[in-house]
Amino acid sequence: MSYREKENIVNIFSSIVITAVYTWIIYQKQLAGTIDLTDDFQKWGIIFLIFVGVSIVARIIIYIIFSIINAIATREEKIPAEDERDKLIKLKATRNSSYSFSVGFIMAIMVIAIGMPSYWLFIFFVISGVISELIDNGSQMYYYRKGV
Amino acid sequence: MSKSQIQNNIRRLRFDAHEMTQQQLADEVNASRQTIVAIEKGNYSPSLELAFKIARVFNTPINDVFFYEPQVEKTK
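So the sequence lines, in the order shown, correspond to chains A and B.
Start counting the first sequence at 1132; every next residue gets the next number (the working numbering).
Start counting the second sequence at 9; every next residue gets the next number (the working numbering).
One chain only, chain A, in its complex shape (with noise of 0.2 Å):
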């Protein structure tokens, strides 16, 4: 398996742990009473860039950790080199997670107009940003594996 590979593994896997951590901790103080989230759209605005900052430092350290690991297994110090099927790749992967989050903006918009409490616009996002972002480096792997 390729180094691209694996690093798709780790980013699918630090996505999926760093929302649903994040999101447990978030519905607990919801259901202690800490926070009020059902039509609070300050509270939403703060607890989404938080979640931005937290993923950004999890996942700094979770790469930092997958690189020290892959570097002992393998024996190769030097992170490979993007190269121009790397770069096409990577903008396709990109245009099909941008569809796919585009069509979870929609969701959430509809949600919204059938007269659905406004929270759901909120998980909505959530929802589609994850799934976006799984569609990213899926289709990554789709293409490194299938061809191009």
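In short, the hints are calculated from the structure, not lab data.
Mixed in with the good hints there might be a few duds.
Derived EDC-like pairs: lysine to aspartate or glutamate, alpha-carbon spacing no greater than 16 Å straight-line [what the hints assert, rightly or not]:
#1 K61(B) <-> D1214(A)
#2 K61(B) <-> E36(B)
#3 K1277(A) <-> D72(B)
#4 K1137(A) <-> E1207(A)
#5 K1221(A) <-> E1136(A)
#6 K1218(A) <-> E57(B)
#7 K1209(A) <-> D35(B)
#8 K1277(A) <-> E1136(A)
#9 K49(B) <-> E77(B)
#10 K61(B) <-> D35(B)
#11 K61(B) <-> E1215(A)
#12 K61(B) <-> E77(B)
#13 K1218(A) <-> E1136(A)
#14 K1277(A) <-> E1264(A)
#15 K1218(A) <-> E1138(A)
Just some of the chain A residues that point at chain B, by a computed CB distance under 7 Å [as the list claims (entries may be wrong)]:
#16 P1211
#17 E1215
#18 V1279
Even for Gly, the Cβ is constructed at its ideal location relative to N, Cα and C.
Since the structure of chain A is provided, determine the placement of chain B on it from the hints.
Below, chain B alone, put in the same frame as chain A:
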């Protein structure tokens, strides 16, 4: 994913060049070994620039390395 219609003689040219490895060729053209593997298998059509770089490594015209082979539709 369908195979590329651009086929190549890279495997033979590597053999003729004192069994040059895929990694050696990749290093010469600043690409990854996986990209060379994909090109050899016909799973990826390289850019014109990369194609010229590969031809240059083997010191041969580009049409000796790559050639166009249209896919023939299967008859029922």
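Cross-check of the supplied hints:
Restraint check for K61(B) and D1214(A): satisfied, since their Cα atoms lie roughly 13 Å apart, inside the 16 Å limit. The straight-line distance between the Cα atoms of K61(B) and E36(B) is roughly 8 Å, inside the 16 Å bound, and the hint therefore holds. A distance of roughly 26 Å separates the Cα atoms of K1277(A) and D72(B); the hinted pair therefore is violated under the 16 Å criterion. For the suggested pair K1137(A) and E1207(A), the alpha carbons sit about 14 Å apart, so the restraint of at most 16 Å is met.
Simply put, K1221(A) and E1136(A) have alpha-carbon atoms about 12 Å apart, close enough for the 16 Å limit, and the pair holds. Restraint check: the Cα-Cα separation between K1218(A) and E57(B) comes to about 15 Å, which is no more than 16 Å; the hinted pair holds. With a CA separation close to 13 Å, the supplied pair K1209(A) and D35(B) stays within the 16 Å bound. Proposed proximity of K1277(A) and E1136(A) is supported: the alpha carbons are some 12 Å apart, at most 16 Å.
Restraint check for K49(B) and E77(B): satisfied, since their Cα atoms lie roughly 14 Å apart, inside the 16 Å limit. Taking the CA atoms of K61(B) and D35(B), the gap is about 11 Å. The hint holds against a cut of 16 Å. For a cut-off of 16 Å, the pair hint linking K61(B) to E1215(A) stands: about 13 Å separates their Cα positions. Restraint check for K61(B) and E77(B): the C-alpha separation of about 21 Å exceeds 16 Å, so the hint is violated.
With a C-alpha separation of about 14 Å, the suggested pair K1218(A) and E1136(A) falls inside the 16 Å cut-off, and the hint holds. Of the pairs offered as hints, the one joining K1277(A) and E1264(A) is violated, with about 20 Å between alpha carbons and a cut-off of 16 Å exceeded. Restraint check: the Cα-Cα separation between K1218(A) and E1138(A) comes to about 15 Å, which is no more than 16 Å; the hinted pair holds. Interface restraint check for P1211(A): the shortest CB-CB distance to chain B comes to about 5 Å, inside 7 Å, so the restraint holds.
With a cut of 7 Å, the hint placing E1215(A) at the interface with chain B holds, because the nearest CB-to-CB distance is about 5 Å. Among the interface hints, the one on V1279(A) holds; its C-beta lies about 6 Å from the nearest C-beta in chain B, closer than the 7 Å criterion.
The structure is inconsistent with the numbered hints 3, 12 and 14, although it conforms to all the rest.
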